[in-house]
Each structure stands twice: as structure tokens, then as C-alpha cells.
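If you read the sequence shown in the numbering used here, its first letter stands for residue 187, the second for the next number, and so on.
It cannot be assumed that every hint is accurate.
[Stated by the list, open to error] When the alpha-carbon atoms are kept at most 30 Å apart in a straight line, the in silico DSSO-like pairs for lysine-lysine are as follows: (1) LYS603 to LYS676; (2) LYS370 to LYS504; (3) LYS452 to LYS463; (4) LYS390 to LYS353; (5) LYS457 to LYS504; (6) LYS512 to LYS604; (7) LYS390 to LYS370; (8) LYS353 to LYS463; (9) LYS390 to LYS463; (10) LYS540 to LYS512; (11) LYS303 to LYS457; (12) LYS390 to LYS457; (13) LYS504 to LYS390; (14) LYS540 to LYS303; (15) LYS448 to LYS390; (16) LYS353 to LYS452; (17) LYS370 to LYS540; (18) LYS353 to LYS370; (19) LYS390 to LYS540; (20) LYS540 to LYS353; (21) LYS463 to LYS448.
Calculated from the structure, these hints are not laboratory results.
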Amino acid sequence: MIRGGEVPGQPPRFARCGAAGQHDCNREGSMNGSGDHRRARCDRVARGRRWIVAAILCCIALQAYGQAAAPTAERIVIESGWDGMSYLSPLQTRLTIVRDGASYRLTGGQSRGRDGKPQPERAIPPRTVAAADVARLVDAMRAPPQPRIDLRMLEPGIGHAQPLIDKILTQTQVLPAPASLAAKVHAWRDNLRQPAVLAEAVTKGFDLRHMDSSPHIDIQVTLGDGTTLSAQSDSHQYLMLPWTNANGDRTYSAAITRALDKLLPKAATNKELLEGKFDGYDLEWILVTGLAPELARLRSEEEAPDAVRLLDANFNVKRVAYVSDKQRYVEADLQLPQGPPNLLLTARLPLAGKSIANEADIARARQQLQLAQSSPVLVARMQSLPRTAFHIQDGADTIWLDQATARQFVQQMQDMKKLPELATQPALMQGAVMVAEGNPAAFWIVLADRRTVLWKQTSYEPTPTVGTSCPPVPLGDGASSEYQDGCLGKVYGTDGQEL
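Kindly produce the complete structure, drawing on both the sequences and the hints.
Listed below in C-alpha cells is the structure:
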């Protein structure tokens, strides 16, 4: 209902009361003879507004206090090592930084190897570390992950990216493009001129790892409230990017690198990597590796277009590469549509002409993925570790469920007095699938009847820390790791419950 003197669509007159509306209330009151009543009402509204403003200011103050009172670091442990190809390997620096009044105290030691064997540690002279330097590292580790490289961080070198891309495409014979792929190749090339697309390709290049250089840094922070922060890197790339936190999130921000470098003593292991320069060689190598997946797919589409179409029709194809060595084949990383995003099968598929030589290879790959996805305990494990890779090898790489590996599995289960029927019912292993979880890998076997076994855990130490010491999984060439695995032999039923 519209009251007398009010205008439809406008607030009532008393709503204008306040610092700016008080004059209107006074004027209206003198005109209609009810000034005392209207002034009292306006005073109440003005007092209410003052209370609201005071409450807002109080909230702002409390928020600022809460930010200032965020828990600070009590203890930081830094392990920095390098296991590359050198007679001085391994190199190791171990540091502990603890609160000491208004500042922090750094202690630790470092060691180098001799022909691969660690030598005694030498103490690093203790020193005082400024609280601001510690806070900078904690803030960097708390910050939300940066999911891709910021190209501005690579200036001025990144300015040479476009001519380098043309050089790479020419050297790999992608340009000039074959007639059948010309439109696709030129559209892809033009797309790489967009900063966001280029940043994605550069980020992929940062993810590559050398096999002959193994730097690693682990940072563990304990805060005053008992919570912890962590960051790890095993990257040899510029500024050791990316870093990974406890949740498995990767960040390509240089903030952790810069803050850590400020804390490390001059001779600390990997300090030169944290202070590295980004030069033309780095840029070309990162572009080559970052563009490699798309270059490989284009080559596959040129040499075996029917094979690629068949794979696309049956799987989500994460990677496909054409290989022509002693025989022609494509190697592909495959997932089932709607399957767990962290489950991947790598298959090596021989070619006949421009297609897959034997379509039974496609059926086998599908069956292995389906069997793995039918295991309740394995699916639950994948869901609980969404950033951990679960990998099936089908005749590719060095470890897969070939006859030698199957025999070892059956024998080790007998040694653990588990599943005696494996020795008398070979059908249980026909069509079984082996899934490797993480790195170092834990190996799962899903039997043909959908029972699942957590078989063993790979160890990178001379003595395994879990399970019973047992020989490692055979490699594809019949060799094996120098370290023993830890056999577990946990058996789970089709309902996901341990038996």
C-alpha cells in the first residue's frame, strides 16, 4: 500500500533520514506541524546507521588482526640433494631453521659423495636468519598454486619464441605441412601466437625430466599452531619449477624459489639452480619438449591416420606417437570415456599400412581398463589420491604383466601363503591386469574374477620399509632393480573388503 505523500518506485521519505537527509526531515516537520515526531524518527535511523558503520569498521579491524595473527613458522627443515652423473654424487645439504626470539637460527651440514657413496657430513657454520626472510618463504608456500608459467617471468628471452617455433616445425618437417593436414597445422601454428596457448606449451616443456640430472629439494615447515606446510621439487628446469605441495598441487610461481634462495647458505646444494638464468638454449629445449605431444600426434595422423581414428573412436587419447624402427607401430596413452582421470594405459600397437594391424589389441586395451575400473578397492584408492598416477603398461616401457612377471606374482603369493588357488587355476591370471600406483610404484593385480591384490611396494632404499623383502618386478629385458621390493600380499574381495 502506498502511503500518503509517497511516490511509487521511490523509498519512503523517512528512509532519507541521516546525515544528508536530516535537513529534509526538519523542513518537512515545520511544514506539516509534526516536526517533533519526524525528528525523533530520523534520530533513531541515524543512530542505527552509526551502529552499522561502527560494526563494519570493527569487522575490518578484526580481519586485519586475524591476518596479522596468522601462525608463524616455528621450525623449517630443508633437504637439498643432487644425484647426477658425477664422481662427487650424491651431494646433500641438510638445514634446520628454528625460532630464536625475534629471529631464527640456522644450523645444518652438507656432504658429497665419492664414486656414488656418501661421505661424512661437514657442519655448516650456524647463522641468524631474519624473521622477514622466513615469513617470505611461508607466504610463498601458503599462496594458491599457479597452474602455468607466467611468460613475463621469462622475459626478455621469451620474445624469441615465435621464430624458434617456426624453426622447430621446419626441422621436424611439420612445415611445410602435407596437404592432408595443411589446414590443421596452420591453424595450430597461428594459435601458438596467443600468449595463453604459448604459456600452456611452455608449461608442458617445464614438466620434462632429464635422466642424467636428479636434483631434489624438500621443504617442511611447522607452524606455531602445529599445522604444517610442505613443498618439493625434483626439476632441473629454470628456477627448479614447478614446486609441488602436500596435496599434489603444482605451482609454477617463482616465489618459493626466490624465498628459499634467500635462506640457503652460499655453498648449499642446488643453489646454482635456484639462481639460474633463462637463456636461448633453455627456451629452445622447453619449446621442443612442450610442442612434442602435438608434433607427435600430427606425425601419427600423417603416417597412420586410420589407426589414430580407430583409437579416437574407442578411447580418450592422451598421447599418440608414430614410431618406425625395426617395425612400425604407434604408442598411445589411453583412457576410457568416463573413466577415472588418473588411470592411464600405455599400449604399443603394431601397424599394417595406415591402421592397427590387429584390432584385438584395441579390445585387449579396453578389457584391461574395464577390469581395473571394476575393482572397488582400486577405484576407491584412485579417488582418494586424485593427483597420483595409476598406470597400466601393455607391452610398452620396461615393466608390464608379461609371463615372467605373472610367474613371479604367483610364486611370491605362495611364499606369503596367500591365494594358493593361483598355482592350480591358471585361468585366474588370464586377462589379469597389473596397475602401478605412484612413484616409487606400488603394484596392484586385478584377477580375472575381479578379486584384487596389493602385491608389493617398490623401494629405492637397500632395505624396504614396508612388507617382506622380496625380489623386484622383472624389467622388460629380463633385468631387475638392484633393490628389493616390499611384498604385501593384501587380498580384497569383489566388494572391496580385505579378505
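Pair hint outcome, LYS448 versus LYS390 [Cα-Cα no greater than 30 Å]: With a Cα-Cα distance of about 28 Å, the restraint between LYS448 and LYS390 holds, given a limit of 30 Å.
Pair hint outcome, LYS370 versus LYS504 [Cα-Cα no greater than 30 Å]: Satisfied, since the Cα-Cα distance of roughly 18 Å is no more than 30 Å.
Pairwise hint evaluation, LYS370 against LYS353, where the allowed Cα distance is 30 Å at most: Holds: LYS353 and LYS370 sit about 18 Å apart, inside 30 Å.
Given hint LYS463 paired with LYS390 - CA-CA distance at most 30 Å: holds (19 Å)
Hinted pair LYS540 and LYS303, Cα distance within 30 Å: Violated, because 51 Å separates the two Cα atoms, which is more than 30 Å.
Pair hint outcome, LYS452 versus LYS463 [Cα-Cα no greater than 30 Å]: Holds, at roughly 17 Å.
LYS303 paired with LYS457 [C-alpha distance capped at 30 Å]: holds (22 Å)
30 Å Cα cutoff - pair LYS353, LYS452: Answer violated: LYS353 to LYS452 is near 39 Å, above 30 Å.
Pairwise hint evaluation, LYS457 against LYS390, where the allowed Cα distance is 30 Å at most: Roughly 24 Å between the alpha carbons, so the hint for LYS390 and LYS457 holds.
Holds or violated: LYS390 to LYS370, with C-alpha atoms at most 30 Å apart: holds (21 Å)
30 Å limit on alpha-carbon distance, applied to hinted pair LYS370 and LYS540: The given pair, whose Cα atoms are some 19 Å apart, holds under the 30 Å limit.
Given hint LYS504 paired with LYS457 - CA-CA distance at most 30 Å: At roughly 35 Å apart (the allowed maximum being 30 Å), LYS504 and LYS457 break the hint.
In the structure shown, a violation is registered for the earlier hints numbered 5, 6, 14 and 16, in ascending order.
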